[in-house]
Amino acid sequence: MKMDRRRLIKTLTAIPIVGGLLVILSPLLRYLKPNDGPFQINMTAGDTPSGGAQVVGSTAALQKPWDYFYFTYIQSFPQYDVDGYKKANIAGVALKLPQKVKFVNASGYAGFDGETDVVLFQRICPHLGCIFNFVPDWHEVTAGYGGFVPPKSEQHSLMACPCHLSIYDPTFPNDPGNVISGPAPRGARYFKFEIKGQDVIVTGAETGGIAECPAPPGRLARRAGAEG
Amino acid sequence: MEAVLANLREWLQDRKQHLDLFDETKTAQQDNPLYIVGGLVWLSWMVVIVTGIILMVWYIPTTTGAYRSILHLTEDIPFGWLVRGMHKYGADMLVITITIRIYRMYFAGEYKKPGELSWMILFASLVLAMISGITGYALIWNQRAFWAAKTVLTVPTYYDEIPGMGKLGIGHAIAYIFLGGPALGQATLTRFYSIHYGISVVFAILAEIFFYRTRRRRLNLSFFTIGIVLAFLAYVSFDQLAAMGRWANPNRTPLPILSDWYFLALYQVVKYMPPLWAGIAPGLLIGYGMIVPFLDRTKETRAFERPFFFVVGVYALAMFVGFTALIMLNIAVISRDPPIIFAITVVVITLAFAWEMIHRRRKAALAASRPAPAPARRPAAAS
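First to last, the protein sequences are chains A and B.
So for the first sequence, this note's numbering puts the first residue at 1; every next one is plus one.
So for the second sequence, this note's numbering puts the first residue at 1; every next one is plus one.
Pulled out of the complex, with its shape left as it was, chain B reads as follows:
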C-alpha cells in the first residue's frame, strides 16, 4: 500500500515537472502552425474572461430580465455588439482550439510519457469548456437555451434506472441540484450563472499559480498573430451578429431545434440511443479520453506505428462530422439508422484491431530477423 502511494507520488512529481498547459514548452516547434494552438487557447480564454466581465455590467440574471438586457446591450450600448460577439466567438474559438490541440496531441502521440498529465488536464478542460458553453448560452434565456438546459438536466434522472441506483435517487438529486427545484426556472438561471462564472475564475486562478511557480511565459505568440486573431474575432462579431433567438417559452418547443454547434453530434446520439445509454455514453467517451495514455502502452508516437489508436481517433472525428451533418439535414429514422451505425462501428474497430495485430507481428518478425548486436551497441556508445 505504502509502496503504491510512493510510486504514485513519484509519477505525479515527474509529470508535474513536464506539465505543459498551453504549449509554452514547445515554442521551438512554432514553425508548424499546429503548435500555436496552445497559445491560442490561452488567448481566447482571456478574451472570453475580459469580455465576460464587461457583459456582467449590463446583464440581468432573471428570467424576465435576461433576454431584454442582452438585447439592450447588443442594440443600444456602444460596442455592446462587439463585446458580446467577442465573448461568443471567443468561446467558440476556445472550443475549436482545444479540440485541435487534443487531436494534435492524440495523433502525434504527445499524450505518452511524460505528457499524460498535460493530456488529462487538456481533455478535462474541453469538458469544462463545454459545460461553460451550455451554462453560458442558457443565460440568454432564449428557446435554444431553455430546451438545451431542460434536456441536459433530465438526462441524469435516468441514472436512477441503473440496477441498485434507484433507491439512492442520486440521478434525481443531480437534476434537482442543478435545476434548483422541480422545474427549470429562476433558480436554474442563477445557478447556471454562478457555474458559468465560477469555472473560469477557479481555473484561471489555478493556471496563474502554475505560471507563477514555473516562471514560464503565458502567451508565446507574436504580436502579429495576436493582432490578426483579435481583428478576425472583431470582424466576425461585426459580420455575423451573435444570434438572439426567441425568448424562452416553456409551453412550446420549436421545430426544428438545434443546440450549439459542438453539441450537435451528441444531440444526434441522444436521438439514436435509449436515454440511459445516452447519459452513459458521453461518460464513457470522456473516460476513454482520460485513460487513453494508459491504454496505449507502446513507446511509438508516429500514427501509423500504432494503428488501433490511430483508427479510433479518425473514426471519432468521422462520427463527429457525420452526426453533425445528419442532424443539420434533419435525418434520423430511429428504427433504421442505429443498427447500421453499430455495424459500421463493429467492422471499423475489428479491422483496426486486426491491423494492429498484423503490424505488431510484422514488427516482431522484423526485429527477429535483424542482427542481434544492434540494440546492444547503443548504450555502449552513450557511455
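Only chain A is shown next, with the shape it has when bound in the complex:
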C-alpha cells in the first residue's frame, strides 16, 4: 500500500480520535463483565473469593472406614451486583479412608498438614462443573455411570459424576481423589481443613473451578504466598 502525505496526516489524526473514543466507551465493558470497574480494560482479572473458616461437620460422623457426609462451603465475591456481592456454594464431601494418607495432590496443593485418614474433597467436577456423588458401593458406579468396571485394586467406594461419567478414586496412591475413568483432566479438588476436637473446619479451597473465581496465575501465587 502506498502512503502519501495526505494519507499519513489522516492516519495520524485518526489515532488519537479512535483512542479517545475507546476511552470514552470503555466503561461500557461493564455490560459484558460486571466485575470490571470503569476504565478497566483488562478483561481477564478474576475476583478474589473469600470464605474464611467454616465449621462444616463433626468427626463423630466419621468413625468407620468409608463413613462420609456432604456439606456446603460458602464463598462470597465482591460484585457489581444489586446486592454488592455474590455468593457461590462449593459442595463438598468429607470421608474417612481405611488408611492414613498424605492429602497432597499432583499439582502440589496440600489440604492437610501431615497424614490424615479424614479427607475433604470439593464435589465440583474439575471437568465441567457438575456436582459429583460419593458412591459407597462400586457396583452402583458400574450400573449407573455408563458401565465402567473398576480394576480389582479399586473395587471400593468411589466418587462419580452424573454428567460426563468421570470416576474418582479417593485412595489413589500419591494423589488421593485422582480420576480413574472419564474425561476429567485432573483429580477432585481439595479443601484445606483443620480438625479441632471434633470439629472439621474448612479454612480454604483449591481454586480453578468455574464456581469460584478463575484467578490468573500471578494473582493465585500472591494469594498462596499471603496464606503461607
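Hints are computed from structural coordinates only; laboratory data are not their basis.
The beta carbon of each residue, even a glycine, is placed where N, CA and C say it ideally should be.
Among the clues, some could well be false.
Think about it this way: if two alpha-carbon atoms lie no more than 30 angstroms apart in a straight line, the pair counts; the simulated DSSO-like pairs of lysine-lysine are [what the hints assert, rightly or not]: (1) B:K112 - A:K33; (2) B:K299 - B:K112; (3) A:K192 - B:K167.
FRET-style restraints, in silico, Cβ to Cβ [unchecked claim]: (4) A:A110 - B:D239: 21 to 29 angstroms; (5) A:W66 - B:E161: 31 to 39 angstroms; (6) B:A3 - A:L8: 23 to 31 angstroms; (7) B:A124 - A:G144: 37 to 45 angstroms; (8) A:N89 - B:K299: 18 to 26 angstroms; (9) B:G198 - A:E115: 49 to 57 angstroms; (10) B:E161 - A:G197: 38 to 46 angstroms; (11) A:T13 - B:Q17: 38 to 46 angstroms.
Given the structure of chain A, go ahead and fit chain B onto it with the hints provided.
Here is chain B on its own, set in the frame of chain A:
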C-alpha cells in the same frame, strides 16, 4: 489487493441476487414435500416469536420467580399450557425443519454455486437456533437447564489451555461474560433472557429487510398445510404437556441427566473427548459446514457423482443418531469406546476417499474414450 476485494464484492453481489432464505424461489418444486420445509422454517419461527411474546407477559426472569411463574402460567392461566407448548414444540419444529433443509441442500448439492450464501446463512441459523434453544430452556431454571448452562459455560475455560492462549485469558473471559460473574446465578439468567430474545428480534428484522427489498412472499404454503401444522402443534402441546422438570438445585446434579434432544449427540461426544477437544470439535463441525461449498468444487449435484461428500453426510447423520441412542441407553465406557469410534471414522473416511478417487478416474477414462466433438457442438447449437 484491490482486485481481490473487487472479486469478493462481485461474488457477494451475485450470491445475494440468488439468496434464498425460506425456499421462496423454489415454489415450483413443491410437489416434493422436501421443498416445503423452507416455508415451515419461517412458519415455526413466527409461531415461536408470537407465543414467546405472550409468554413474556407472565414470565418472571429471576432465579426465585422463574420456575414458579412458568408453573403458574401452565396450570392456572387459560390456555397457558397451549402457548407454552406451542413455544416449545414450535422451537423443536424449527430445529427439525432447519436440519431437514440442511440435509436436503447437502444431498441435493444446492449449496453449490450460486447457493453458497444461502447455505451459509442456513447453517448459521441452525447454530443460532441451538443457542436460542439452550438459552431458552435455561429460562425455566430447572435442573436440566441449570446443569446444561453450567457445563456449556465451563467449556470455554479450556480454551485457555491452547498454547499461547493462557496469558490472554479469553476462555475465562467468555465464561465470565455469559455467566455475568464467577458462578451461575441471577446475572446468568438475565443475560440468557436477553440473548434468547435478542437473537430472534435481530434476525427477524434482517429477514424483514430482505423480504422488503426482494418483494418476495414470505410464506409459500397453502392454508391447508399451515392449518394442519398448527393443529398438529396444538395437539402435541395438549397431548405431551411441556415438561417442567425439578427446580434447579446448585448442590445436587441428578443422575441421569440429559440435555434437550438436539444436544444429546454432542453431549455424548463431550463424555468421550478430553474437554479442550470437546470444545474445539463443535467449532470444527460448524467450520466444515460453513466452508463445504468451497471444498466441494465439482459442478455435480447428484449425490453419487460426488461420493466423498455424500459419505461424509451419511456418516454425520449416522453419528448423530448413534450417539443419541448411546446416551439414551446410558452406555459410555470411556476407556473402551473412543478408539473403536475413531477407528470406524478413519475407515469410513478412507473408503469414501478411495471411492471418490475411483469414481473420478472412471469418469476421466469415460470422457477420454468418448468421441471428442461432442462437447464442442453444444455452444454452436446455443448460438
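Hint check results:
With a CA separation close to 41 angstroms, the supplied pair K112 (chain B) and K33 (chain A) exceeds the 30 angstroms bound. About 7 angstroms separates the Cα atoms of K299 (chain B) and K112 (chain B), which keeps this hinted pair within 30 angstroms; it holds. As the CA atoms of K192 (chain A) and K167 (chain B) are separated by approximately 27 angstroms, the hinted pair is consistent with the 30 angstroms bound. Checking the proposed 21 to 29 angstroms range against A110 (chain A) and D239 (chain B) shows it is violated: the Cβ atoms sit about 58 angstroms from each other.
About 34 angstroms separates the C-beta atoms of W66 (chain A) and E161 (chain B), a value consistent with the hinted range of 31 to 39 angstroms. The hinted window of 23 to 31 angstroms between A3 (chain B) and L8 (chain A) holds, with their beta carbons roughly 25 angstroms apart. In this structure the hint that A124 (chain B) and G144 (chain A) lie 37 to 45 angstroms apart at CB holds, the actual value being about 38 angstroms. Here the CB-CB span from N89 (chain A) to K299 (chain B) is close to 60 angstroms, at odds with the stated 18 to 26 angstroms.
Distance hint check: the CB atoms of G198 (chain B) and E115 (chain A) are about 55 angstroms apart, consistent with the given range 49 to 57 angstroms. The hinted range of 38 to 46 angstroms is satisfied by E161 (chain B) and G197 (chain A), whose Cβ atoms lie roughly 42 angstroms apart. Range check, T13 (chain A) to Q17 (chain B): Cβ separation about 39 angstroms, and the 38 to 46 angstroms hint holds.
Hint compliance for this structure: hints 1, 4, 8 are not met, and every other hint is.
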